[in-house]
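Participant: Quick mapping for you: the protein sequence lines, in order, are chains A and B.
Numbering-wise (my numbering), the first sequence opens with residue 1 and increments by one.
Numbering-wise (my numbering), the second sequence opens with residue 1001 and increments by one.
It is worth saying that the hints were derived from the structure and are not from the lab.
Warning: the hint list may mix true and false statements.
As the list claims (entries may be wrong) - Listed next, the in silico DSS-like pairs over lysine-lysine satisfying Cα-Cα at most 30 Å (straight line):
hint: 1; chain 1: A; residue 1: K43; chain 2: B; residue 2: K1310
hint: 2; chain 1: B; residue 1: K1350; chain 2: A; residue 2: K43
hint: 3; chain 1: A; residue 1: K43; chain 2: B; residue 2: K1150
hint: 4; chain 1: A; residue 1: K43; chain 2: B; residue 2: K1239
Claimed, not checked - Simulated restraints, written as ranges between beta carbons of each label pair:
hint: 5; chain 1: B; residue 1: G1249; chain 2: A; residue 2: G2; range: 28 to 36 Å
hint: 6; chain 1: B; residue 1: T1295; chain 2: A; residue 2: T3; range: 42 to 50 Å
hint: 7; chain 1: B; residue 1: G1256; chain 2: A; residue 2: P10; range: 51 to 59 Å
hint: 8; chain 1: B; residue 1: A1151; chain 2: A; residue 2: A136; range: 33 to 41 Å
hint: 9; chain 1: B; residue 1: L1252; chain 2: A; residue 2: N221; range: 30 to 38 Å
hint: 10; chain 1: A; residue 1: G2; chain 2: B; residue 2: E1320; range: 31 to 39 Å
hint: 11; chain 1: A; residue 1: E6; chain 2: B; residue 2: K1095; range: 25 to 33 Å
hint: 12; chain 1: B; residue 1: G1354; chain 2: A; residue 2: A32; range: 13 to 21 Å
hint: 13; chain 1: A; residue 1: P330; chain 2: B; residue 2: Y1214; range: 55 to 63 Å
hint: 14; chain 1: B; residue 1: G1286; chain 2: A; residue 2: R52; range: 29 to 37 Å
hint: 15; chain 1: A; residue 1: K292; chain 2: B; residue 2: F1251; range: 50 to 58 Å
hint: 16; chain 1: A; residue 1: E324; chain 2: B; residue 2: K1205; range: 38 to 46 Å
hint: 17; chain 1: B; residue 1: P1270; chain 2: A; residue 2: E15; range: 49 to 57 Å
What the hints assert, rightly or not - Computed far set for chain B versus chain A, every beta-carbon distance over 10 Å:
hint: 18; residue: A1200
hint: 19; residue: S1217
hint: 20; residue: K1239
hint: 21; residue: L1355
hint: 22; residue: P1358
Keep in mind the model is a prediction, meaning the values are calculated, not measured.
Glycine is no exception: its CB is placed at the ideal position from the N, C-alpha and C atoms.
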Amino acid sequence: MGTRFEVLIPYPEEEPELHVRACAEAVLDEIALLDRQLSLFRKDSYLAHINRNAFVGPVRVDPQLFELIATCRAVGLASRGAFDITVGPLMRCWGFHALQEDSADSPANAIHPAQDELARAATVVGGHLLRLDRDARTVMFEREGMRLDLGGVAKGYALDRALDLLVEEGVSNALLHGGTSTVAGLGPGWKIGIRDPRGLVAQRPVCAPSMRLVASARLRNRTLSVSAPHGRERLVESTLVGHLVDPASGTPAKEILLAAVIARSATLADAWSTALVVAGVDRSRELIDATKEIEAALLVTTTPEPSRSGCGVAGVVRLGPRPELFELVPAGAGSGGAGGPVPG
Amino acid sequence: MSDIDRRDFLKIGTGAMSAFVISAEGSGLLARFAEDAPDLHVAVIGVGRQGRVLLSELNKFPFVKVSAICDVIEGRLRSARRRAPDAVAFTDYRKLLDERKEVQAVFLSTPSHLHREIALDCLAAGKHVYCEAPMATTIDDCRAIAEAAKAASTLFHVGLQLRSNPIYRLARSFVVSGSIRDLVTLRAQYHNKTSWRMPASDASKERALNWKLYKESSIGLCGEIGTHQFDVISWFINKLPLAVEGCGGIFLHRDGREIYDTVQALMTWPGGVTMTYEATLANSYGGQFEELIGTMGAVRLIGDLGWLFKEADAPTQGWEVYAVRQHFHKEEGITLIADATKLAKQGKLKEGVGLPHPPIYYGIGDFLGCVVEGKPSHCPAPIGLRAAVMGIKAHEAVLTGRKIAFEPDWFKLGS
């Protein structure tokens, strides 16, 4: 995952620190194990094993991984393809997903992928091409060249497994996050600030570096995931292109600058935040109304294409049955951590 | 692949899911599982961290059915059930052996000091046994296991997984054929910042859960980790050590534990070569490796990767021209790639860098291959005994501060 995970466990004075520390270590250990299992960039991950073999024949996976893949497919269906773990081949066209060996060869400024290249990649993308057998616990690819990528959901999944562990060890108050973009709050309530992603462009600051918050969320036994195209862009013919590719159009998503999703499970929060960025505002509204299991806040830009020359104007749209879970922060208001605890 | 129709590929079953081939130059052990291999029912006894890793990798062998799991800690059993929902869960391994007659093979991944009794009972019950290394924590226990394994009609295999590792097998063939010429020094290291302490919400279970931290139950870093690494050296150079001395301390984890978090040892081998060994739980720099350094070259192994560094005046054989190389500051190493010749012919040499499976997969695969094909294990109990003796005595040397000369009899089964 290439992500830094942190776990905070406040504990009463009478509790031995050793035990709490051991819980935290066990959590990070489990997360590291899952990273090795799910990484697209490790040759020896279970994911790589699936990608190498699932076209040849059904590949058996462990029950938790099967449930993860099944959940991803369900979110794929519910999001009408906006979230799609088979999208890897398209992302590769745009120069994302450079594997260790490739990165030396991929140019700093890529060329817009050719239409036929995109069309070819699109033939091996789609949740309907995944064959899942629940009894045998196997995964199979319908077409050669398919490639599963769990990057849009791996952090959330790792946090969910970490939460299981903490609860089992009797911890009832903790904050966990992966890369500050997926956060889980266990216990009475953690207030999380959601930072304006503009000004965080990978290449150089477009606006002044921002500590502006767009909203905050209070997590009581809930999880939050934030997806934004900014922060992992590539330069394609002098235009910054976000890394979240729309599986339907084959092109990187543009309208939504940030999607923040609250859900009971970090896996769902992670998957849906990726889906909504791609889906755009109107589709997101429909999808969230239909699914009922998440709340979302979307930072929407009115300039259609983020470019080097400006940030554009943006507003926040809250969707879902309980929009009050997100508190909006007035424009120009104070600083705070990105995806981190806010004092008070 | 494009010339081969998918159905035919499944029948041939080369290297992919339906059949499984382990081969590496010099391995001498080939296992192939046909698509219609009969189910093999297995049990995993001890489902802590190592047991969970085993459960995960066992999914890659479709004919393997985990039908029972066992652990004395209920919480662990619950976690393990999520990974093996079809398995019946037990807290008493004897009940498992009594009730699950369909189990043919057992993976034993309990705390090391508990291996003896369980291994003996499993062998007596007619099961094939894969026993994690170190095989046991005393020479007596190791001998008892080895005697029982000798008398048993089923297979006993020690989890010295590096002996199954294709990179290690390839590296060994270079060493054996003289690529590094005469040994000069040997080095091995394990640096990993971690505490070894398990969460123990139930104070009464703390000593059992933290068996690795107490003298009565643990053979420390030398025993738990060093055993594997000393065994690699012994296997490569085909010798047993002469003596060991060492020291240790607690540098970070001052939490009431009795076992050192940092150790250093010197192990001497026939021919006058000395191995330096260092292991710590206080720092991760440099990770885990083994190095054999000779007059014409050096071999460096880090689990899933290995390199051969040739001296400037070493003779060349020609294959080096197309070898993959990696640079480390001023050093240039030839990356060891299993099946390099075949891959080079296909123009896919670079793809061969690294292993497609975690090292433990190969150990499990070798064991299962032997079970299925009725062949003897290349990692039987006597080898487990020798490896454990090195770890046990290194640990003792570190604890006592005394130099210990290895008695040849320690490495043998009882008289």
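Participant: Each hint: holds or not?
Facilitator: For each hint, the structure was consulted:
Taking the CA atoms of A/K43 and B/K1310, the gap is about 27 Å. The hint holds against a cut of 30 Å. Taking the CA atoms of B/K1350 and A/K43, the gap is about 12 Å. The hint holds against a cut of 30 Å. The hinted pair formed by A/K43 and B/K1150 fails the criterion: a straight-line CA distance of about 39 Å is larger than 30 Å. Proximity of A/K43 to B/K1239 is assessed by CA-CA distance (about 34 Å); at most 30 Å being required, the pair is judged violated.
Judged by the Cβ atoms, the range 28 to 36 Å given for B/G1249 and A/G2 holds: they are separated by roughly 35 Å. The supplied range of 42 to 50 Å is met by B/T1295 and A/T3, whose beta-carbon atoms lie about 45 Å from each other. The hinted window of 51 to 59 Å between B/G1256 and A/P10 is violated, with their beta carbons roughly 23 Å apart. For the pair B/A1151 and A/A136, the beta carbons lie near 39 Å from each other, so the given range of 33 to 41 Å is met.
Range check, B/L1252 to A/N221: Cβ separation about 34 Å, and the 30 to 38 Å hint holds. As the Cβ distance of A/G2 to B/E1320 is approximately 34 Å, the hint placing it in 31 to 39 Å holds. At about 42 Å, the beta-carbon gap between A/E6 and B/K1095 misses the expected band of 25 to 33 Å. As the Cβ distance of B/G1354 to A/A32 is approximately 18 Å, the hint placing it in 13 to 21 Å holds.
One distance hint, 55 to 63 Å for the beta-carbon pair A/P330 and B/Y1214, holds here, with the actual separation near 58 Å. Taking the beta carbon of each, B/G1286 and A/R52 are about 31 Å apart, inside 29 to 37 Å as hinted. Checked against the given bound of 50 to 58 Å, the beta carbons of A/K292 and B/F1251, roughly 54 Å apart, stay inside it. Between A/E324 and B/K1205 the C-beta distance comes to about 44 Å, which sits within the given range of 38 to 46 Å.
Roughly 54 Å separates the CB atoms of B/P1270 and A/E15, a value that falls within the hinted 49 to 57 Å. With a cut of 10 Å on Cβ distances, B/A1200 falls inside the contact zone with chain A, its closest approach being about 6 Å. For B/S1217, the requirement that its beta carbon stay farther than 10 Å from each beta carbon of chain A is met, with the minimum near 17 Å. No Cβ of chain A approaches the Cβ of B/K1239 within 10 Å, the least distance being about 31 Å, so the stated non-interface status holds.
Taking the minimum C-beta to C-beta distance to chain A, about 6 Å, the non-interface status of B/L1355 is violated against the 10 Å cut. A beta-carbon of chain A is positioned within 10 Å of the beta-carbon of B/P1358; the least distance is around 5 Å.
In the structure shown, a violation is registered for the earlier hints numbered 3, 4, 7, 11, 18, 21, 22, in ascending order.
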